[in-house]
Amino acid sequence: MFFFSPGYEISPERQKIERNLPNGSTTRSLWNTLVQDFPDFDSYSEAISTAINEEYARMDSELSDGDEVAFLPPVSGG
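Numbered per my numbering, the sequence shown spans residues 138 to 215.
Worth flagging that the hints you see were computed from the coordinates, not collected in a lab. Hints may contain errors.
Distance ranges between label pairs, derived from CB positions [said to hold, decoys possible]: (1) Val212 <-> Asn160: 27 to 37 angstroms; (2) Thr170 <-> Pro210: 14 to 24 angstroms; (3) Val172 <-> Glu199: 16 to 26 angstroms.
Note that beta-carbon positions come from the ideal geometry of N, C-alpha and C, so glycine has one too.
All chains, full assembly: derive it from the sequences and hints.
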């Protein structure tokens, strides 16, 4: 799993961490696990985007063994 700002600053494990999940887990269940481990992530729960293996994905996408997941913060600007 990869974090990008602000997750990079919140996670003491910094930019990349690994988690073992049960079969059938989704990106949302992974996110919920992270919120339990790092409660400050909860404020991003409604706006976070995700990618699996460098492809944008939905939060209900099922994960497979070895997938690389990235959580991307909301982006603004002009």
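Exercise for review: Starting from the hint 14 to 24 angstroms, judge whether the C-beta atoms of Thr170 and Pro210 obey it.
Suggested key: holds, 18 angstroms
Exercise for review: Take the C-beta atom of Val172 and the C-beta atom of Glu199, compute their distance, and say whether it sits inside 16 to 26 angstroms.
Suggested key: For Glu199 against Val172, whose Cβ atoms are near 19 angstroms apart, the range 16 to 26 angstroms holds.
Check your understanding: Using the C-beta atoms of Val212 and Asn160, is the stated range 27 to 37 angstroms upheld?
Key -> Cβ of Val212 to Cβ of Asn160: about 33 angstroms, so the range 27 to 37 angstroms holds.
The earlier numbered hints are all upheld by this structure, with none contradicted.
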